[in-house]
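Residue numbers (full-length UniProt numbering), protein chains in the order written: chain A, 1 to 432; chain B, 1 to 309.
Among the hints, erroneous ones may be present.
[Claimed, not checked] In silico PhoX-like pairs for lysine-lysine, Cα to Cα no more than 20 Å straight-line: (1) B:167 with A:258; (2) A:201 with B:76; (3) A:428 with B:76; (4) A:266 with B:167; (5) A:183 with A:165.
Keep in mind the hints are simulated off the structure, nothing from the lab.
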Amino acid sequence: MNPRSPRRRRAGAILVGLLAIASVAACGGADPQPADSAASAAPAEGVTVTMWTRAATQAQSERLVAAYNKGHKNQVKMTVIPTDNYQPRIAAAAGAKQLPDIFASDVIFVPNYTSQGLFLDITDRINALPFKDKLAPSHMKLGTLDGRQYTLPHTLDLSVWFWNKDLYSKAGLDPEKGPTTLKEFAEQATTVDEKLGQDGKVSGTFFGGNCGGCYVFTFWPSVWASGGQVMNPEGTTSLNDQPAMTNVFNIYKDLYAKGITGATAKEEQGPTWTGFFPKGGIGVMPMPSTTLGLMPKDMKVGVAPIAGPDGGESTFVGGDSVGISSTTENADAAWEFLSWSVSDEAQVEVMAKNKDVLARTDLSDNKYSAEDPRVVLINSLVAKGQTPYALRFGQTYNDPQGPWLRLAREAVFGDPGKVAQLNTDITKSLQQ
Amino acid sequence: MTVITRRDGQAVRATSPAPPSWWRTRGAQGWLYAAPTALIVGVLFLAPLVLIVWMSLNRWPLLGQAHFNAPDNYTKIADNPLFLDAVGFTLKYTVITTVLLSVVALGLALLVQERRPGIGFFRTAFFLPGAVGFASAALLFYGLLNNDFGPIDPILRTLGIIDEPVKWTGTPNMALFSTITLVIWRFAGFNMLILLTGLQAIPVEVYEAARSDGANRLQIFTRITLPLLRPTIALMLILSITGSLLAFDQFFIFTNGGPDNSTVSMVMVVYRDAFFRFDLGGAAALSVVLLVALVALNALQMRVLRRSN
């Protein structure tokens with residue numbers, strides 16, 4: 001056949017056309033780190049902005065949006081996305097340039113999103129806020145890249161120990177005295193399990209043993225409380241093979257080996273790990289502070305800071321940050337909602353009223369906080385806790401196929417001798 | 001030139017008929033008939049295919065400019081132990097699933113082959129799981145086999161079959177066994193239907209002739225049914241193997257790749273690279289490799305089957 005037959009020429013022309021389409025698509029992207037060009041413009045009225053948030057902090061986001069919509073001409077239309085699906089949805093939307101006007105994000109993913117250019121630079125707008133220095137420092141730090149700021153704190157979710165006062169009484173423990181060290185935590189869990197766990201309906205403690213995010217949220221505060229660190233400040237070297245971490249692993253490993261934890265702790269993938277405590281079957285366990293308001297009304301719950309093996313106090317300052325997407329055309333209307341969400345009115349009358357942790361340190365002493373000393377305690381931990389920084393946090397620590405989950409499971413359920421080798425895999429992942 | 005005379009006697013000049021315009025030719029009509037399909041294939045298959053190949057040759061951020069970096073996205077596949085493990089696991093899963101699914105589907109098809117009272121009920125019952133969306137089926141099994149709230153463990157305990165909860169996804173082997181059970185439950189009825197059409201296409205006279213020649217049931221099955229069913233089995237095998245190599249939903253939803261990355265399929269790695277690691281170029285390269293391997297495998301299958309036919 002003639003190599004340049006009409007059929008081949010036509011096929012070649014089609015291929016060239018498709019390649020041209022692909023090339024245009026490839027070159028049509030927006031510049032990363034877009035600047036906010038309309039910082040001083042007055043917000044338009046009657047605009048509806050779209051917002052995405054994840055299910056884990058749905059309740060807080062819904063309250064804020066409902067209160068905002070009630071008192072403003074601009075409206076926020078919120079979409080809640082399942083937590084496990086949130087990252088892929090953001091990635092797919094960004095790739096298609098279909099991000100909402102506003103999107104919240106688990107604070108630990110913010111550095112990655114910022115480096116990918118997903119958020120609008122709002123440094124000038126933040127600088128104009130009279131309380132800019134009072135915004136939750138850990139969230140603000142992770143929303144800053146090269147001196148420019150991209151996000152505001154949206155919701156704060158701290159890890160703390162909850163204990164069930166009724167089970168403590170039945171087990172002969174002092175119901176008003178929670179654990180002050182990780183060793184005490186283990187002793188009290190063991191007592192509850194031994195005294196009340198015969199029928200299998202009560203367990204001493206529980207944790208998400210097949211969930212990377214659960215481990216970092218609940219185990220790392222014990223490392224920080226004992227003065228240790230889990231990574232270098234740049235988030236590029238893992239220190240999870242150091243004694244500060246392995247001592248914590250060993251205590252939980254012992255609890256699991258003795259059957260003090262719930263039977264399914266090893267298999268718990270994350271979606272249901274906080275569901276056991278409210279049912280009244282767990283003595284003491286690490287929990288997210290945002291679940292305090294969701295506990296049954298008749299349940300007596302004690303709250304204590306997470307401690308290290310021999311004492312200290314710390315917490316994982318988690319939760320969400322929120323920013324304006326870099327592809328939005330409604331930056332002013334979006335900022336109107338964002339700036340309102342950290343105002344005195346929103347923080348006190350929406351967040352504090354519902355026992356949520358505040359995004360501003362200057363408002364922790366307010367008319368609602370005094371009603372519940374547990375809320376005062378949780379608010380006070382914001383300054384003592386940490387939010388670890390790493391550009392590759394999600395793929396390293398949260399991803400079920402990431403290296404951290406393998407290390408944690410070997411340390412708690414398998415062969416701790418493999419921890420050193422697996423720790424090098426974590427460092428490798430952090431440096432990719 | 002031709003001269004013709006009209007009825008009124010006046011002569012007029014006429015020319016020979018002009019050739020039909022291009023769009024009236026047979027070739028053009030063929031193009032027009034094919035155009036809708038060609039458009040769909042072009043937009044929904046060829047264009048994405050070209051784009052994915054182009055992506056695989058670039059560092060492709062979520063937003064912003066792509067940078068040509070070929071062949072980095074391909075060379076780094078060899079350094080991806082998760083993908084290499086996933087290749088081994090997916091092949092193992094494909095072999096086990098294909099064999100078990102074929103045996104169960106063939107068994108079901110033979111059971112409901114003959115028309116008898118009530119057979120419609122069984123055919124419907126066997127096929128019904130196929131009407132459930134696969135993601136929904138995976139979520140259903142997640143709930144049924146969950147140790148904390150699933151009903152299967154309590155039922156088995158009440159019946160005295162087990163003493164302690166069975167960790168259905170707690171070990172690599174149990175996770176694989178549970179997933180294969182899910183897949184067989186979901187797809188056996190569909191494959192049964194395919195085989196049933198093949199079985200019913202075999203002329204009854206062939207069976208009657210075999211029986212009159214004194215062939216027993218086993219001989220009829222091995223010498224008549226299986227050979228005449230070969231093209232249908234071939235179709236089922238191609239569908240099963242291709243579907244298994246592209247397995248995603250069942251592992252993503254039901255086992256989440258666990259425990260300890262023991263049930264990570266190849267497509268899960270592609271998904272992870274694209275949407276958790278935001279390495280779109282790397283994920284595109286993995287997709288291209290997977291596509292080439294699948295095309296080669298299907299071509300090989302077709303060749304073997306054609307030769308055996």
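Hinted pair, alpha-carbon criterion (20 Å max): residue 183 of chain A, residue 165 of chain A. Please report holds or violated. holds, 19 Å
Would the pair residue 428 of chain A and residue 76 of chain B pass a check requiring their Cα atoms to be no farther apart than 20 Å? holds, 14 Å
Run the distance test for residue 201 of chain A versus residue 76 of chain B: straight-line Cα separation, threshold 20 Å. Not OK: residue 201 of chain A and residue 76 of chain B at ~50 Å, beyond 20 Å, violated.
Check whether the Cα positions of residue 266 of chain A and residue 167 of chain B lie no farther apart than 20 Å. holds, 10 Å
Does residue 258 of chain A lie within 20 Å of residue 167 of chain B when you go C-alpha to C-alpha? It holds: about 18 Å lies between the C-alpha atoms, which stays within 20 Å.
Comparing the model with each earlier hint shows a violation of hint 2 alone; every other hint is respected.
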